[in-house]
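In the UniProt record's numbering, the protein residues as written are 1 to 330.
None of these hints come from the bench; they were simulated from the model.
Any given hint might turn out to be false.
[Claimed, not checked] Straight-line C-alpha distance at most 25 Å; calculated DMTMM-like pairs for lysine to aspartate or glutamate:
#1 K200 <-> D263
#2 K176 <-> D134
#3 K235 <-> E214
#4 K200 <-> D217
#5 K243 <-> D76
#6 K235 <-> E79
#7 K182 <-> E167
#8 K182 <-> D77
#9 K182 <-> E214
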Amino acid sequence: MDSEREGIILLLGVTGAGKSYFINQLKKKGPVTERPVREGHTLRSQTSRCQLVQMVLEDDDGDERSISVVDTPGFDDTERPDGEVLAEITEFLATQHALGIPLKGVLYLHKITDNRMTGSSGTYLRLLQSLIGDSAMANVVLVTTMWYMLRDEYEGEGLRRQTQLSEKYWKSLTEKGAGVTKFEGTPESAWSIVRKLAPKEPVVLDYQRQVIEEGRDLIRTNAGNSLLQKLESTKVEYSIRLKDLEDQHDEAIAIGDKAVARDKEREISEAQDVLRRIDKSVAKLGAQPGPRIKEGVARAMKGQAAGRAVTVLAAILNITLFVVQLVVGV
1 MDSEREGIIL LLGVTGAGKS YFINQLKKKG PVTERPVREG HTLRSQTSRC
51 QLVQMVLEDD DGDERSISVV DTPGFDDTER PDGEVLAEIT EFLATQHALG
101 IPLKGVLYLH KITDNRMTGS SGTYLRLLQS LIGDSAMANV VLVTTMWYML
151 RDEYEGEGLR RQTQLSEKYW KSLTEKGAGV TKFEGTPESA WSIVRKLAPK
201 EPVVLDYQRQ VIEEGRDLIR TNAGNSLLQK LESTKVEYSI RLKDLEDQHD
251 EAIAIGDKAV ARDKEREISE AQDVLRRIDK SVAKLGAQPG PRIKEGVARA
301 MKGQAAGRAV TVLAAILNIT LFVVQLVVGV
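Let the hints inform the model, and build the full structure from the sequences given.
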């Protein structure tokens with residue numbers, strides 16, 4: 001496999017930041033082929049929600065090189081525990097590293113339509129920092145999205161927000177080399193952002209070193225520990241909330257207020273669901289995936305014919321691969 005002529009860019013961000021929309025705009029840059037992924041030799045028991053868009057660039061001599069952008073599941077998803085999301089991202093990053101495919105960098109997407117930086121956004125920004133590490137921060141671009149949702153009269157407000165993000169909330173990242181740009185919502189804009197990272201020297205993230213090279217449990221990685229702190233804090237908050245709701249429910253029952261009792265039963269169920277998802281996340285963080293992934297890659301590579309490393313990556317992880325053919329210079 002000629003992995004030296006290939007590269008990977010990772011898309012990260014909370015759910016709803018516009019990662020899938022960004023990927024879909026890349027698909028519009030040229031003729032697209034969906035390459036079916038063979039079954040077997042997978043490291044996952046079910047189809048991943050990640051998808052890859054591989055931009056194949058051909059020069060005048062017919063030589064090809066490629067840059068592939070992967071859409072990852074978002075954190076802060078009401079349907080999926082954060083621990084499960086981190087585990088899926090781990091599968092991708094660890095397999096990519098084990099295959100020797102160069103990682104060109106990370107695009108972190110953030111909605112410009114968010115009026116303020118919430119506690120949740122701050123938490124996931126710290127998680128991003130712990131995933132990447134200082135040494136790879138120059139290969140990160142912080143991308144503001146959803147500009148097309150702003151009315152013309154609010155364009156100035158959007159620019160003010162981006163400046164505030166750069167100078168305040170993202171300062172610790174930009175001071176270490178991270179770039180900042182805006183995604184205009186078009187194929188051309190998506191491709192121009194990808195081209196900011198494509199020429200970069202490849203990097204290895206702190207998280208990859210800790211999982212693959214050091215064989216740590218997820219909970220003992222910087223990113224896993226950061227997520228654990230967030231989960232423990234949320235568990236305390238919802239445990240107190242659950243106790244208060246149960247007391248309110250009992251009071252409503254005592255005075256015969258059935259309507260309030262029903263409302264509290266619904267809220268109790270929601271709080272219990274949050275606590276169950278937290279417990280599921282913590283359980284996921286106990287995994288030590290490094291050795292398993294390296295062994296799985298070695299098994300999958302036995303008898304593997306030479307070919308594109310990214311195609312092999314998609315096959316191992318059982319993820320959808322879209323190939324966009326481009327002429328160099330487009």
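Cross-check of the supplied hints:
{"no.": "1", "hint": "K200 <-> D263", "in the structure": "violated, 54 Å"}
{"no.": "2", "hint": "K176 <-> D134", "in the structure": "holds, 7 Å"}
{"no.": "3", "hint": "K235 <-> E214", "in the structure": "violated, 30 Å"}
{"no.": "4", "hint": "K200 <-> D217", "in the structure": "violated, 30 Å"}
{"no.": "5", "hint": "K243 <-> D76", "in the structure": "holds, 24 Å"}
{"no.": "6", "hint": "K235 <-> E79", "in the structure": "holds, 17 Å"}
{"no.": "7", "hint": "K182 <-> E167", "in the structure": "holds, 15 Å"}
{"no.": "8", "hint": "K182 <-> D77", "in the structure": "holds, 24 Å"}
{"no.": "9", "hint": "K182 <-> E214", "in the structure": "violated, 36 Å"}
When the structure is compared with the earlier hints, violations turn up for hints 1, 3, 4 and 9 and for no others.
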